[in-house]
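Here's the letter readout for the chains.
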Amino acid sequence: MKLPPLEYVCPTSLSEAVALLASRDGDAKAIAGGQSLMPMLAFRIAAPTLLVDLRKLPNMREIKIGADGVRLGAMVRWRDIDKDARLASAHPLLKAAVAHVAHYQIRNRGTIGGSIAHADPAAEIPGIVVACDAEIAVTGKSGSRVIAAADFFQGVMTTDLRPDEIITEIRFPAWPARRRWGFQEFARRRGDFAMAGAALFYDEDAAGSVINAHVGIIGVGDRPRRLPQVEAVLNGRAIDEATIARAAEATSSSVEAQEDIHASAAYRRALAGIMVERALLSASR
Amino acid sequence: MSIKFEVNGKPVSVDVEARTTLADCLRHHLRLTGTHVGCEHGVCGACTVLVDGDAVRSCLMLAAQAEGSKVVTIEGLSNDESLTPLQASFRKHHALQCGFCTPGMITTAHALLSEEPDCDADRVREVLSGNICRCTGYISIVDAVLDARAAYKKRDGGP
Amino acid sequence: MKNAFIGSAIERREDLRFVRGRGQYVDDLSPDGLLYAVILRSSVAHGRIVSLDASGALKVPGVHAVITGKDMPGGPPIIPMRLQPLPEFKPFEQPVIADKKVRYVGEPMAVVLATSAAIGEDALEAIEVEIEPLPPVADWRTAQRDEALLFDQQGTNRSLTFNAVRGDADAAFRKAPYVRRERFRVQRHFGLTMEPRGVMAEWNAATGRLTVYGAAKVPFFNRRILAKQIGLPENTIEMVENDVGGGFGARGEFYPEDFLIPFSARHVGRPVKWIEDRRENLMAMNHAREAEVEVEIACERDGTILALRGHAQVDVGAYMRTNGAVGARNVAQFMAGPYRIPNVKLDVSLWMTNKTPVGTYRGPGRFETDFFRERLFDIVAQELGLDRVEFRRRNLLASSEMPYPIATITPYEHKDEYDSGDYQVTLNRCLEEIRWSEKSKLQGKLLDGRYHGLAVGCFIEGGAAGPKETARLAINEDGSISVFIGSSAVGQGVETVFAQIAADALEVPIDRIRGVFHGSTAYVSDGYGAYHSRSVVMGGSALLDAAKNFQDALRAAAAKRLGCNAAAIEIGEDSVKGPGGKALPFAEFAGLSAEGAFLNKKHTYSYGAQAAHVAVDPKIGHVEIVDYVVVQDAGRIINPMTLRGQVIGSLVQGLGGAFLEHLVYDEHGQLLTGSLADYLLPTASDFPNLRCVTMDMYPSPINPLGAKGAGEGGLIAAGGVVANAVANALQSFGVNPRELPLTPARIWEMVQSARK
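Protein chains in written order, with the working numbering: chain A, 1 to 285; chain B, 286 to 444; chain C, 445 to 1200.
Hints were generated in silico from the structure; no laboratory data involved. Among these hints, one or two may not hold up.
To spell it out: a stretch of chain B is covered by chain C in this simulated footprint if at least three of its residues, at any positions, have a beta carbon under 8 Å from a beta carbon of chain C; those stretches are [claimed, not checked]: (1) 319-326; (2) 350-360; (3) 374-380; (4) 423-429.
For each residue, glycine too, the CB sits at the ideal point set by N, CA and C.
Let the hints inform the model, and build the full structure from the sequences given.
So this is what it looks like as structure tokens:
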């Protein structure tokens, strides 16, 4: 499983990197940690003629926490998120989700930007990005733009990113201290892609009712999604056994589940419901 | 292309195709065959080496990406005179049979213990879940790593 | 000094190189002038080869040659079967390269020789292949229809049916007060090794010698085949066994590459190395285990088993490989396990399908058949209102019944009998270890959202296949002693275990045994390899014989030197002594060597029991192994540490088979599990709560060591025990697990169906 023939460059500036990506008419690909791209090259599913290494680009490895939220440079690794103690309060949902990503060695190299650009529907981070209404800042030959998470993921490993565009930053809205959140996923083995996962949060009004519910589903369908039908079940209500049951039911009936060798569509639908149920239980405690 | 980096404390310069992985570069160009290739798609962990102190899958890195880095392989974690505490512990606990996954296991365990000498069994299992062994069933490997913690705790901030 | 080392948990010598990364596996060898072989494999499951044009590949810079069947005078040789080589199987044997037809995805079609594996892979894309597709036969039911035939001239896709008979099952069924029939199925999976396969060959035209590296398991037998196929005298071929990254029954059989690579080396006159990548390994290393059975059991109301009857179907893939019939035969012959089943009538049919051919995988046929039997036992016990443990006790063979003849298999008339053992003892110990009586009240209980379940199962493990093994001892220049063995090393620690045996037999300190050299054809005159857990029993017993001959030879030589009778010579730890106290160190006899052999037609049977405590989450189908115990009596234990390593390692493979591992094909014969992301292997976090107890109660009476083969028992009972534990946990739903693997989706579906 040797890689197909390719050229490799390691630019030192963002504009240089963009120009290189633009130079091959779609045949150039950015490589960050390489944890998702390298296997595709090994299986010769992808065969770009030029790899543009992003590792020397400046200003892409920081985790900035401020009043407006959490900004992660696209080259921030899973390991960096693990080690940043501030995130336990600044964005506990992000931290909890990242704890499930892959394995030790992969976490030392895999990046948040890489995972988002790769857009595997069963990956945790695209799910978190969608559930949290994050924004993805990208720069290409036409300049910079910011893409809302809901618009970014368009299908299995398909995104709004143009071939010449590089993700520079991922911006999560500010996380209020009293926010309730839950993350549940079920995979065949630890570190595997989820067969289904739920990433959710909600706030509470003065009466203790749910407001601003965000329910995201991972690993079901062709891309991560928020589930408005489930959010509608939660908003305006207190989280009790009945509401949770209705939310689980709404999840199973609203998702479009795929069939694969690990899970049937029926099982996946049911599993999605259970993941939402358990995430809500954990959020409400 | 020409790549310069450091392997096991020595500077090296290799001339390889851009598509050469770090694993293949170490094994074939530098003749350091202790790092093994078990899958070439980043699942089995047999190819684990340290790059700038981090345990990584060398089959998922281009040799070119190691430019300017410090790479340590199992050969760099060994010496002729004696077994290191971790190696001795593996032997004592019969934490290997065919030996193919062993360099990757030891390298990963070394990285873990260097950073977390107080890790518990669950943490050891979590970290080693990225290294597949087909012979031992893992129990003896976890025992060996736990038993080696003492040697890492004695050290001053790790090797 | 006697017995100082046998029985001790001596640390392994081979570890000294393995922990340093100094093992030498076949891909670690790279002689000058080496060419890399990359194999073009069929991407079509069934078809007629219309054309193959490699001219494009030859134009790729760095490509040296492309070998096809056309380069083989007389056509591609056929690989003969090694075990159960029945005439009925001959038409289904595999050519070393696809000839006129392709019959499975992964079948070799051409060999590209290039200056690097990467270039070789580039060149594959330039080879133009035209295949006229034929309807694929993707499962045994399709095969049975005999519509699309893999081998047109045979008129059938069924290569053979084995029959296992004991007593008169039909008569027993007619009289039986209770009969239960059920269907069960085990999935296709295999003995994936961490090191994929590899072969390197060097042809020396000047001396006419061929050296082949990467040999394992049965190098002497493989040399015989290769010599015949390649047209060279056997003694001009050397098979070298390097370090080997696991065998499990799959590595070391004669595969197409074992001809293709040496042939290529000779053809181009340069060393050639082929290293299997993981994608290839999944479609090219022997598959195993896929079996289905419709079985019935006849009992008295008190649970006494009267008879077992049934039909099994084994999917053997596209060709009969060297040991492709073993699993099927064992399914029939060993379904009764350690139980007294006086009447047995089982047939097993072998079906050719357009999938990777099968071979043995640790405990071949036994994992499957134990699942069938133990699962059936729990069903029956429940229906008869009997305690599951008592049901087993009532039917377990007693030690007083040994030797106990088991069902006779035809064709390939093979009578066998269990040699020694007390199955009640291991069962009792197992129940004690898992705290069965204490935990009984948990059965079927819901605690914290999970249902708890228990199960126990008994197993026997056959080992030590004959017919023979050889060993040699020789004194080195410095007076140390080297051991040469025909057995092979696949990771089981032979270098240490044989040093223990030799040291004890010669009554010398273990350090005096300088090395144990195994496997390679240069070391002994003949050897039979490592399979069927035979190395310690056969090799060890041969070593005892060699030790005896060695001592005789040493006494005779010393007597000559000292001018006395051989009987007057005393052999010490490092020297020999004659009458009058005159001593000579071993080094004085450097070069002295003696061979030994052990012949054995009977199998040894280690045995035991396994028990599991599981907790099942019915909403997501997750099963946690809360506790799992294996108790095994392995006869005389040479190294308790390596034995335990075998048991636990084997058990985890069994659990992999029970829960995770599955080679999935679609209806077109395409392998869907093409990477380790889809073919799931157990990892360190999956099964942390496993324990084993090894006993040495009943030495085998049929070899001088008293040892029994014990590398496979850990997994044999795992499927049945796990399925029974899950059924026990979910008893309030009335689920009936009848198929492996027990994936979360399958468990969930069983719960849903039961609810309706």
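Would you say the stretch 350-360 of chain B counts as covered by chain C, given the rule of at least 3 residues with C-beta under 8 Å? holds (count 3)
With a C-beta cutoff of 8 Å, work out whether three or more residues of the stretch 319-326 of chain B approach chain C closely enough for the coverage to hold. The restraint on the stretch 319-326 of chain B holds, since 8 of its residues have a Cβ under 8 Å from chain C and three suffice.
Closer than 8 Å Cβ to Cβ for three or more residues is the test here. Does the stretch 374-380 of chain B pass it with chain C? This one holds; 4 residues, not fewer than the three required, reach chain C with a Cβ under 8 Å.
Checking C-beta pairs, does the stretch 423-429 of chain B have three or more residues closer than 8 Å to chain C? It holds, with 5 qualifying residues against the three required.
Of the hints listed earlier, there is not a single one the structure fails to meet.
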